[in-house]
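Residues per chain are reported as follows:
Protein chains: 2
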Amino acid sequence: MSRLADEMNKQEPDFYIQGILKGDVAILSRAITLVESTKETNLELAHNILRGLRIGTEKSFRLGITGVPGVGKSTFIEGFGKEVIKRGHRLAVLAIDPSSQKSKGSILGDKTRMEELSTLPGVFIRPSPSGNSLGGVARSTYETILLCEAAGYDYIIVETVGVGQSEIAMSKITDFFLLLMLAGAGDELQGIKRGIMEMADALVITKADGDNINKAKAARTEYAQAMHLLQQPESGWTSRTMTCSALTNDGIAEIYDMVEEYRRFVLANGFFPARREQQKLSLLKDAIDQHLKAQFYSNPRVQERLKNARPEEIADPFGFARKLLTDFLKKG
Amino acid sequence: MSRLADEMNKQEPDFYIQGILKGDVAILSRAITLVESTKETNLELAHNILRGLRIGTEKSFRLGITGVPGVGKSTFIEGFGKEVIKRGHRLAVLAIDPSSQKSKGSILGDKTRMEELSTLPGVFIRPSPSGNSLGGVARSTYETILLCEAAGYDYIIVETVGVGQSEIAMSKITDFFLLLMLAGAGDELQGIKRGIMEMADALVITKADGDNINKAKAARTEYAQAMHLLQQPESGWTSRTMTCSALTNDGIAEIYDMVEEYRRFVLANGFFPARREQQKLSLLKDAIDQHLKAQFYSNPRVQERLKNARPEEIADPFGFARKLLTDFLKKG
Numbered sequence: 001m002s003r004l005a006d007e008m009n010k011q012e013p014d015f016y017i018q019g020i021l022k023g024d025v026a027i028l029s030r031a032i033t034l035v036e037s038t039k040e041t042n043l044e045l046a047h048n049i050l051r052g053l054r055i056g057t058e059k060s061f062r063l064g065i066t067g068v069p070g071v072g073k074s075t076f077i078e079g080f081g082k083e084v085i086k087r088g089h090r091l092a093v094l095a096i097d098p099s100s101q102k103s104k105g106s107i108l109g110d111k112t113r114m115e116e117l118s119t120l121p122g123v124f125i126r127p128s129p130s131g132n133s134l135g136g137v138a139r140s141t142y143e144t145i146l147l148c149e150a151a152g153y154d155y156i157i158v159e160t161v162g163v164g165q166s167e168i169a170m171s172k173i174t175d176f177f178l179l180l181m182l183a184g185a186g187d188e189l190q191g192i193k194r195g196i197m198e199m200a201d202a203l204v205i206t207k208a209d210g211d212n213i214n215k216a217k218a219a220r221t222e223y224a225q226a227m228h229l230l231q232q233p234e235s236g237w238t239s240r241t242m243t244c245s246a247l248t249n250d251g252i253a254e255i256y257d258m259v260e261e262y263r264r265f266v267l268a269n270g271f272f273p274a275r276r277e278q279q280k281l282s283l284l285k286d287a288i289d290q291h292l293k294a295q296f297y298s299n300p301r302v303q304e305r306l307k308n309a310r311p312e313e314i315a316d317p318f319g320f321a322r323k324l325l326t327d328f329l330k331k332g
Numbered sequence: 001m002s003r004l005a006d007e008m009n010k011q012e013p014d015f016y017i018q019g020i021l022k023g024d025v026a027i028l029s030r031a032i033t034l035v036e037s038t039k040e041t042n043l044e045l046a047h048n049i050l051r052g053l054r055i056g057t058e059k060s061f062r063l064g065i066t067g068v069p070g071v072g073k074s075t076f077i078e079g080f081g082k083e084v085i086k087r088g089h090r091l092a093v094l095a096i097d098p099s100s101q102k103s104k105g106s107i108l109g110d111k112t113r114m115e116e117l118s119t120l121p122g123v124f125i126r127p128s129p130s131g132n133s134l135g136g137v138a139r140s141t142y143e144t145i146l147l148c149e150a151a152g153y154d155y156i157i158v159e160t161v162g163v164g165q166s167e168i169a170m171s172k173i174t175d176f177f178l179l180l181m182l183a184g185a186g187d188e189l190q191g192i193k194r195g196i197m198e199m200a201d202a203l204v205i206t207k208a209d210g211d212n213i214n215k216a217k218a219a220r221t222e223y224a225q226a227m228h229l230l231q232q233p234e235s236g237w238t239s240r241t242m243t244c245s246a247l248t249n250d251g252i253a254e255i256y257d258m259v260e261e262y263r264r265f266v267l268a269n270g271f272f273p274a275r276r277e278q279q280k281l282s283l284l285k286d287a288i289d290q291h292l293k294a295q296f297y298s299n300p301r302v303q304e305r306l307k308n309a310r311p312e313e314i315a316d317p318f319g320f321a322r323k324l325l326t327d328f329l330k331k332g
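Going line by line, the protein sequences match chains A and B.
In this text, residue positions in the first sequence follow this note's numbering: the first is 1, and each later residue adds one.
In this text, residue positions in the second sequence follow this note's numbering: the first is 1, and each later residue adds one.
Next comes chain A alone, as it looks inside the complex (with noise of 0.2 Å):
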């Protein structure tokens, strides 16, 4: 990956940026490798990139999925997929896997999950990055989405596992969280905290389908009380709960309406833009916050001062931070 990388390093700007915009998806690809690149010219490239191609289309929409191991992601995603293509769409298929920061496998990996959806004209899907991306989970797969945009996907879907903090990367870069859950597995089981449910405009309910279906509708019921508890989403939209099987395609239709209904709901009241917005400067801060540390520890008379650091100067933390950042500052 690295040494492809660094290949494509040889490109201009503009080559990738024709290319994305004529749609090209092998281009495309390589300009995502540039992004998911941890190496600093690579970036600075990918960076350039981004910057021709005059990103900021607020035409598109970016929804946001997850669920814990097993509940169905990618069963859901094939079938909800189809459905987006039908409604006219153009469709990515983004991930960011957690596992990933510890080069631990990857989902969405195996794209034979998705295999009818994969082969639909108009649908992008994109493993997720196999290592460390420098400045988080977040910042690479954000930087795809402008990418696919630009490219002329307006529907991107991005997965992630549920399992705490990637979920909150998601939901930094998407417009709607949908939280997939599987009926009788108990919130414990399935790992779901209260400030993800929270964090959800819609709760689906996989897997209604044959025996299972009474069990579905009775889980819709209980957790739609829960639901009902928990604070309500910022934007004013009431989070629903529904069913669906990806297996009988119940539920699907519905569940892309409703997604259509909170568009047209948050255009409405400005929410949509406002959160856009906000999205950006806040992803611009953590962005700020990555790279002050990242020039700091890797400043070779830091890491030095660091090292060699006396017990009373540790005893003084705040002290000796001082020090060291006008150290840090004054020779740059």
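Hints are computed from structural coordinates only; laboratory data are not their basis.
Given the structure is predicted, the values throughout are model-derived calculations rather than measurements.
Ideal Cβ placement from N, Cα and C applies to all residues, glycine included.
Each hint should be verified, as a subset may be incorrect.
Said to hold, decoys possible - Partial pick of chain B residues on the chain A-facing surface, computed with a CB cut under 10 Å:
1) Thr41
2) Leu43
3) Leu53
4) Arg54
5) Ile55
6) Val68
7) Lys280
8) Ala315
Unchecked claim - What follows is a list of derived Cβ distance ranges for each label pair:
9) Arg305/B with Thr41/A: 19 to 27 Å
10) Arg301/A with Glu116/B: 52 to 60 Å
11) Gln165/A with Ile213/B: 39 to 47 Å
12) Gln225/A with Arg194/B: 16 to 24 Å
Let chain A serve as the given structure and place chain B on it in line with the hints.
Okay, now just chain B, sitting in the frame of chain A:
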């Protein structure tokens, strides 16, 4: 306060260092005022004093006490503090006041709440800082601890109102986490979150006297069961549940002994010094973060660039951050 600090600024560090080492309470108080200042020159003097004191004693014990308003923190500390003095210690009582960040009043501000304790020899009570201190609530309280220890106070009580963030700040600078609870008020009512209970080394039900005794004992049993199910502290210590009455003094000596048992336990298994070390490194990390951000956002060129940021710059937050950083570090 600020004018007073400015005046004190005219003294050399050595004036404070000698005064504190002699246990001069007036000079100690003035040094704490420096630590609580938000003015750069005052803080510089404060850190010169701290450095000169060759701080870092591990002979002290730092007890953190929290609980919601009305649980009887002051009354408990009044009774418990007298026990601490009886056992031969010199005691300093400090406060982390989350409300002070909004300049909203102050816990411990009313010294008369600890009327008897405050008149005992060997007791130093310091009200909360009145304003927002640079570097968050933890910094000035931590440095106040260091000053008090240098002045010969070997038992430090840090009090805070239980509202979330302040407990986390408290746990970063104390050795023991004591959570005060009322009987019969219910977890939700008391605003006590599971996370806070998991941080507690001991939970004490207050006001176990008169008609309230049986209710307190029942609550103790109930909380003991709840605590049993929670994750235990990483020290290896089994968290305790006790009752006490500041009115009758029942349980106060037992709580003192229990804390001493903890102290022996964590000294024997090495957790005590290891945690102190880890706390310092964690404070250093926090301090670096805070200083970096403060330096960055107060830079005039950065402020100018952020104020006049174009939409296409904000649309690529990570690219924009990297440009801002490069500018910031170039001419510092």
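A quick look at each hint next to the structure:
1. Thr41: violated (12 Å)
2. Leu43: holds (8 Å)
3. Leu53: Holds, because the Cβ-Cβ distance from Leu53/B to chain A comes to roughly 9 Å (cut-off 10 Å).
4. Arg54: holds (6 Å)
5. Ile55: holds (5 Å)
6. Val68: With a closest approach of 20 Å, the Val68/B hint is violated.
7. Lys280: holds (5 Å)
8. Ala315: holds (4 Å)
9. Arg305/B with Thr41/A: 19 to 27 Å: holds (24 Å)
10. Arg301/A with Glu116/B: 52 to 60 Å: holds (54 Å)
11. Gln165/A with Ile213/B: 39 to 47 Å: holds (46 Å)
12. Gln225/A with Arg194/B: 16 to 24 Å: Holds - the Cβ-Cβ distance for Gln225/A and Arg194/B, about 22 Å, lies within 16 to 24 Å.
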